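Participant: Next come the chains, spelled out residue by residue.
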Amino acid sequence: AQRVTQPEKLLSVFKGAPVELKCNYSYSGSPELFWYVQYSRQRLQLLLRHISRESIKGFTADLNKGETSFHLKKPFAQEEDSAMYYCALISSGSARQLTFGSGTQLTVLP
Amino acid sequence: DAGITQSPRHKVTETGTPVTLRCHQTENHRYMYWYRQDPGHGLRLIHYSYGVKDTDKGEVSDGYSVSRSKTEDFLLTLESATSSQTSVYFCANLDRYTGELFFGEGSRLTVL
Chain A
537 AQRVTQPEKL LSVFKGAPVE LKCNYSYSGS PELFWYVQYS RQRLQLLLRH ISRESIKGFT
597 ADLNKGETSF HLKKPFAQEE DSAMYYCALI SSGSARQLTF GSGTQLTVLP
Chain B
224 DAGITQSPRH KVTETGTPVT LRCHQTENHR YMYWYRQDPG HGLRLIHYSY GVKDTDKGEV
284 SDGYSVSRSK TEDFLLTLES ATSSQTSVYF CANLDRYTGE LFFGEGSRLT VL
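Just so you know, the sequences run in chain order A and B.
Using our numbering, you'd call the opening residue of the first sequence number 537 and step up by one each time.
Using our numbering, you'd call the opening residue of the second sequence number 224 and step up by one each time.
With the rest of the complex left out, here is chain A (with noise of 0.2 Å):
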């Protein structure tokens, strides 16, 4: 069974600061992650996915196989970044079984 983690339901950073969301996963094939945002009040958006190895937002992510991890991170937290954030896993079958942790609500102090 796949299972995504995310330790932190809350994370507080000042404006500046770096900030690192956590997020781990466990699945048996080749994993496909991705980082979703919902800023108050819309929809949730897709914000990276590991393939396209890009940054978005000053946001990147890096796939770690051996610590089975794909931490978000962000080098300068500005407070429009506040917003609630999700790791998604979609397993790599025809059947596309997504997964999602429990999110993240981050929240950049001016």
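No wet-lab data here; the hints were simulated from the structure.
A quick note: this is a predicted structure, and the numbers were derived from the prediction, not measured.
The C-beta atom is built at its ideal place from N, Cα and C for all residues, glycine as well.
Among these hints, one or two may not hold up.
Derived contacts from chain A toward chain B, CB cut-off under 10 Å, selection only [to be verified]:
1. GLN574
2. LEU580
3. MET620
4. ALA624
5. ILE626
6. GLN633
7. GLY637
8. GLY639
Position chain B relative to chain A; hints supplied.
Facilitator: Chain B alone, transformed into the frame defined by chain A:
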């Protein structure tokens, strides 16, 4: 947003009444999902569909049923609503090739 809309957006109902939430997509995505979002639990999968008349249970399917009679619409039904089903419900569809989910705006259901 992959043209995905939910209705109703808000609903208040009483315990024991049936409720149906509708998810409509303008894309032709095969996979569609219903999630509920609750504080402390994040997003939990209720049911999903991998094609017309093809559906399967998620992790919190008890008390819910779904139907997919055409590609565009995925209906979630609470046969007899309970207070524990008070939640925000999100529908999503999946671009199978990129793995990206596109979400609706959510339906806030309150069961009194």
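Participant: Are the hints correct? Go through all of them and say.
Facilitator: Do the hints match the structure? See the list:
Interface restraint check: GLN574 (chain A) against chain B, minimum CB-CB distance 9 Å, threshold 10 Å, status holds. Look at LEU580 (chain A): its Cβ gets to within about 4 Å of chain B, closer than 10 Å, so that hint holds up. Interface restraint check for MET620 (chain A): the shortest CB-CB distance to chain B comes to about 8 Å, inside 10 Å, so the restraint holds. Look at ALA624 (chain A): its Cβ gets to within about 7 Å of chain B, closer than 10 Å, so that hint holds up.
This hint holds: ILE626 (chain A) has a C-beta 5 Å from the nearest C-beta of chain B, less than the 10 Å allowed. Given hint, GLN633 (chain A) at the interface with chain B, holds; its Cβ is 8 Å from that chain's nearest Cβ, closer than 10 Å. For GLY637 (chain A), the interface hint holds, since its Cβ comes within 10 Å of a Cβ in chain B; the closest pair sits about 6 Å apart. About 4 Å separates the beta-carbon of GLY639 (chain A) from the nearest beta-carbon of chain B, less than 10 Å, and the hint is met.
Hint compliance for this structure: every hint is met.
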